[in-house]
Amino acid sequence: MTRIKGSKLTLRKATQQDAYDMYYWKFEDPVKEAKEWNGPYIPETFHEKEEFLKAWDPDEEIMPGTLDMLIIEVNSHFIGAVMAYWIDKNTDWLETGIVIYDPQYWNGGYGYEAYYLWLDYLFQTTGLHRLGMSTWSGNHRMMRVAEKTGMIEEARIRQARQVEGKYYDAVKMGVLRSEFYQ
1 MTRIKGSKLT LRKATQQDAY DMYYWKFEDP VKEAKEWNGP YIPETFHEKE
51 EFLKAWDPDE EIMPGTLDML IIEVNSHFIG AVMAYWIDKN TDWLETGIVI
101 YDPQYWNGGY GYEAYYLWLD YLFQTTGLHR LGMSTWSGNH RMMRVAEKTG
151 MIEEARIRQA RQVEGKYYDA VKMGVLRSEF YQ
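Everything in the sequence shown is counted per UniProt numbering, starting at 1 for the first residue and increasing by one.
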């Protein structure tokens with residue numbers, strides 16, 4: 001079972017039980033504060049709990065032997081997830097992401113540690129040359145976490161995202177394997 005221990009947290013393979021936690025934070029949490037940062041311009045399609053649980057696949061891989069998502073936990077408490085998805089598998093263009101749902105764990109270095117461990121896992125288990133991420137210019141936390149892991153801004157699409165009636169830039173960042181392990 002995939003399990004990566006950091007100094008503050010653990011990244012681990014998702015279980016069926018994690019689907020209940022994920023569902024809570026995505027659909028039942030009355031505040032849904034994480035959505036203010038994580039793609040607020042993307043409408044969240046509601047799913048009935050049974051449908052969500054049935055579709056949950058903790059064994060999904062982006063490549064053989066490499067999971068597409070790991071759970072972030074602190075002291076056995078689910079706080080979020082790291083994930084990866086293909087932009088273009090033919091050219092090995094993989095994007096990564098992180099969501100810490102529980103706001104009690106914001107601003108404490110948990111996001112940086114989880115994201116760094118995630119990028120290291122992806123580079124260690126694949127032959128990928130580059131990893132990227134996409135966000136919006138209003139998500140200063142994500143851009144700072146990405147920068148701390150060695151990512152650099154590679155593209156900025158001006159005023160491409162609209163949040164609460166205000167336009168923000170779309171931001172793409174990336175890191176090469178050789179840069180990550182300098």
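Keep in mind that the hints were calculated from the coordinates and are not lab data. Since we're looking at a predicted model, the values are computed, not measured. Mixed in with the good hints, there may be bad ones.
Said to hold, decoys possible - DMTMM-like cross-link-like pairs, simulated, lysine to aspartate or glutamate; straight-line CA separation at most 20 Å:
id, residue 1, residue 2
1, 54, 18
2, 26, 51
3, 172, 88
4, 32, 18
5, 32, 48
6, 5, 164
7, 8, 120
8, 35, 60
9, 172, 51
10, 26, 44
11, 8, 102
12, 26, 92
13, 35, 169
14, 5, 73
15, 13, 68
16, 35, 164
17, 54, 68
18, 26, 73
19, 49, 92
20, 54, 36
Right, here's what the structure says about each hint:
1. 54 / 18: holds, 13 Å
2. 26 / 51: It holds: about 14 Å lies between the C-alpha atoms, which stays within 20 Å.
3. 172 / 88: holds, 15 Å
4. 32 / 18: holds, 17 Å
5. 32 / 48: Holds, because 17 Å separates the two Cα atoms, which is no more than 20 Å.
6. 5 / 164: violated, 38 Å
7. 8 / 120: This hinted pair holds, its Cα atoms lying about 16 Å apart.
8. 35 / 60: violated, 24 Å
9. 172 / 51: violated, 32 Å
10. 26 / 44: holds, 8 Å
11. 8 / 102: holds, 15 Å
12. 26 / 92: violated, 29 Å
13. 35 / 169: holds, 18 Å
14. 5 / 73: Between residue 5 and residue 73 the Cα gap is close to 10 Å, so the pair holds against 20 Å.
15. 13 / 68: Given pair residue 13, residue 68 holds - Cα atoms ~10 Å apart, limit 20 Å.
16. 35 / 164: Cα-Cα ~13 Å, so holds.
17. 54 / 68: holds, 18 Å
18. 26 / 73: With a Cα-Cα distance of about 17 Å, the restraint between residue 26 and residue 73 holds, given a limit of 20 Å.
19. 49 / 92: Not satisfied, since the Cα-Cα distance of roughly 34 Å exceeds 20 Å.
20. 54 / 36: violated, 27 Å
Hints 6, 8, 9, 12, 19 and 20, counting from the list given before, are not met by this structure.
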